[in-house]
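Enquirer: Sequence:
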Amino acid sequence: MKGLSISYITLLLLFVSSPLLGQTYTYNPTKTGCSNSWTDGNCWDKVNIVGCSFNSGSTYPPLVSSASLPGYNSIKNNCTVNVIINEHLTLDPGFDFAFLGPAYNITLAEGVSLNIPRHVYLLERGVLTFLHASGTGAAQINIDGNIYYEKQANLNLRDGTTLEVTNVLNPSTNQYEGILFQVDPQATLRIGGTLSFTNGNSNKVIVEGTFEVMQLNLDAGNSGTTPTAIASKNALVVKGSGSSNVCSGINIKGDSYLLVEAGGALNLVSLELAGSALFDIYGTTQIKSMTVLGDSWMRMFAGSQFDNQSFTKTSGSAKIFKCGTEVALPTTAVGGCTAGYTLISAEEDWDEFTGDWCFRKLPIKLLEEELLYLEESNTVRLNWVTTAEWENSHFEIERSVKGIEDFVQIGIVKGAGWSNEQADYSFEDKDYPMTGDKLYYRIRQVDANGRHSYGKLMTVTPLSLHKSFSSWYLYPNPNNGIKLMVRLGEILPGKEISIRFRIINTFGGTEEYFVSSEGEMNEVLSGLVSNLPKGINILEVQVGERFEMIKFIVD
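In case it helps, our numbering puts the sequence shown at residues 674 to 1228.
Hints should not be assumed to be uniformly reliable.
[Unchecked claim] Computed list of lysine to aspartate or glutamate pairs in DMTMM-like fashion (alpha-carbon distance at most 25 angstroms, straight line): (1) 992 <-> 934; (2) 1087 <-> 1042; (3) 992 <-> 945; (4) 1111 <-> 1041; (5) 1103 <-> 1041; (6) 961 <-> 934; (7) 912 <-> 934; (8) 986 <-> 945; (9) 704 <-> 718; (10) 1087 <-> 1064; (11) 1224 <-> 1193; (12) 719 <-> 760; (13) 912 <-> 837; (14) 912 <-> 953; (15) 986 <-> 968; (16) 1129 <-> 1071; (17) 1103 <-> 1042; (18) 961 <-> 1041.
[Said to hold, decoys possible] Distance windows between CB atoms, simulated: (19) 808 <-> 975: 29 to 39 angstroms; (20) 1096 <-> 788: 24 to 34 angstroms; (21) 1228 <-> 1103: 18 to 28 angstroms; (22) 1094 <-> 1218: 51 to 61 angstroms; (23) 1101 <-> 1200: 17 to 27 angstroms; (24) 987 <-> 749: 40 to 50 angstroms; (25) 1016 <-> 967: 23 to 33 angstroms; (26) 1130 <-> 943: 20 to 30 angstroms.
These aren't lab readings, by the way, just hints derived from the structure by calculation.
Keep in mind the model is a prediction, meaning the values are calculated, not measured.
Beta carbons: idealized from backbone N, C-alpha and C, even for Gly.
Construct all of the structure, not just a fragment, from the sequences and the given hints.
Expert: Here it is as structure tokens:
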């Protein structure tokens, strides 16, 4: 049945959907010798099209390394490439790459995901399109890296597809023009970091579906407010059926453009309108904090709605219009104008406006992180608090003794998973190595999908390091006769070694003990301390050729 299904989708796309005619590859992992790899020709059923000679030799859908990207003249006569994927697939050729073809169509069956753990480049004038086999449902593309664009490159997301990527960036300082990202009404584009169009002209994101991004930066573009000038600006356009959630904020500078059409929705935490930027609102916009600078314009048209908590206009050259009338602030009333403005002062209300994804992007809302040295127990404790969690799997505790570049995992703390309540966490590091005067810690949060984020960098200097000339020491000292522990400095906890030790005092002392680890030595010491006489005692310890006598007091 699987073979029939693959053949059916292939024939349907070849003979019913005429725009997809071209060099066609269908992923078929049931073939003999298939290693479930994109670059394994044994995994693909290939259909050669008559007259398609330029890239017909590849046995798998062709790719090109980012180290040798071709110009448009090198690929303009290549065949259109159609790729059909009916099962989950990971695309990792071992290098960052571009899909090689002037037009490259990747069609995924319902519920199928394509996972790409590499940076992906868009070719000059190339068109990359992701499609769902039926146009309805859910097909997922995950790029665990960046998308880098070249001039006049297009990326289209058709209905039923969702693309998630880390950043969308210009790979150089070149002034690329004509970049287009098109999101269809039932498609979703999610960018976990930043999308930047900061030079060139006519670079656009056109949203008919859902567009979610952590940070959006628009700059450059052509000056003017006429339709002709607007057409050549770098822009985010939210169409009537579209919605856009920006988790962090938007910086609009230069001569760039932000448009929310009637029926469209734009929700974000902060917007900075600067330079000669233009912001037109026909639909609904919810912006927690907005600043208007430079010679920028903001225009609110009839039927629009603008919800806001904080609005600042810092330039006398900047202009604000409501229904064509220039006003001092959005709150200014204009007779007969139906452009609405609502001040929302409640802080908690803004959590709802940017949608669940913004608050699930980092699956926790971290309220506090704290690092303490506990002298009594000679341990380092990390405390942290979350106020909400979404798909939070666990926290990994990492420590470095050599600065910020050499972290190792020292423990795992299970997360709450899903929670809208405050959760308190802690972790104690009892076995830190005594190799320097400062210890570095950080918390690595991991969600259910394996994605991670880091908390802040924290440092601590254990006080005991300054209390003894020796890097071998006992604690607590003075001791109450309940528990006695030793730390052997540069000898890492848990390492098997040969240790000889005994305790001597005015009454003679204990017998000699031979152990193979610091932990084993601490067990013996804690058993001995309750029988030691009050006053001065001395621990005599030898590891290899090193011998020391450490004085401590029992009171």
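Enquirer: Of the numbered hints stated earlier in the document, which are not met by this structure?
Expert: Checked against the structure, no hint fails, so every one of them is satisfied.
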